[in-house]
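So the sequence lines, in the order shown, correspond to chains A and B. No gaps in the numbering here: position 92 of the first sequence is 92 in our numbering, and each next residue is one more. No gaps in the numbering here: position 33 of the second sequence is 1033 in our numbering, and each next residue is one more.
What the hints contain is simulated information worked out from the structure, not anything from laboratory work. Any given hint might turn out to be false.
For lysine to any residue, the following SDA-like pairs were computed, each having C-alpha atoms within a straight-line distance of at most 20 Å [what the hints assert, rightly or not]:
no., chain 1, residue 1, chain 2, residue 2
1, B, Lys1027, A, Gln98
2, B, Lys1027, A, His39
3, B, Lys1027, A, Tyr10
4, B, Lys1087, B, Gln1056
What you are looking at is a predicted structure, and each value in this text was computed from that prediction instead of being measured.
Each chain is listed here by its residues.
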Amino acid sequence: MAELSAKGRYGKAEWAIAGLGLGSGATVAVVAVRAIAAHPELLAQLLNGGFLYFSALMAGMVLFRKEFRDFNAMQARHVAAQEKLAASVGDLVSRDDQRAREQEITLNHLARQSEEILKHLREMTHGGGSPA
Amino acid sequence: MAADPQLKRRLRGMILRLVYENHEAQKHRLDDVTLTGVLERLQFDAYVNLTRELLQDLKERGLLNFEQERDRTRGSVAIRKIQITPKGRDIVEGTTADPAVDVE
């Protein structure tokens, strides 16, 4: 089920990428806070310029992408489980069919054998011999 | 594990009889696994490979016909659609006899 993992295809490198992204974000935030502390008049421009909405949109897209990937992985696992279940049920049904067929053939054979034995017994009795 | 010749003669006869009875009842044609299951139920010490060997032997004697499929992935052989030949029917009905086939 490795192909169905919720993790990306980069494995451990994802940790490094995430760390790098986090560090960059933190650096940008620190620089922004310092810049605003040095020039408070820039804050009004920042809030009116749509930068915050853009940032929120970007963050939302990143979160959505991650959630969507998890959702897809879960769906794939669900489908795989359904297929497995269907195959198992199919196996059970065919095994039952097989058993029933074997039983039927065996019974048919035994019934014929019994009939033949009875016929011989009758012949022996009517012929004057003893069945034993 | 090799079966002794007497058991093989007996099993050949039983297989032939079962195929004959199945044909007479106009049921679907048998396969190796089903035949082995029936032989087990009749208390024979049978296994699928032994049944296959005996079926191939009966075919070589001209008493049975079947389709043999080889699974290239697993390397196994499956025998399906077994049918009795007129020569095989004669043996079951007692018209002729074969010392290698013990039909009671």
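Q) Okay, which hints does this one fail, numbers in order? A) 2 and 3
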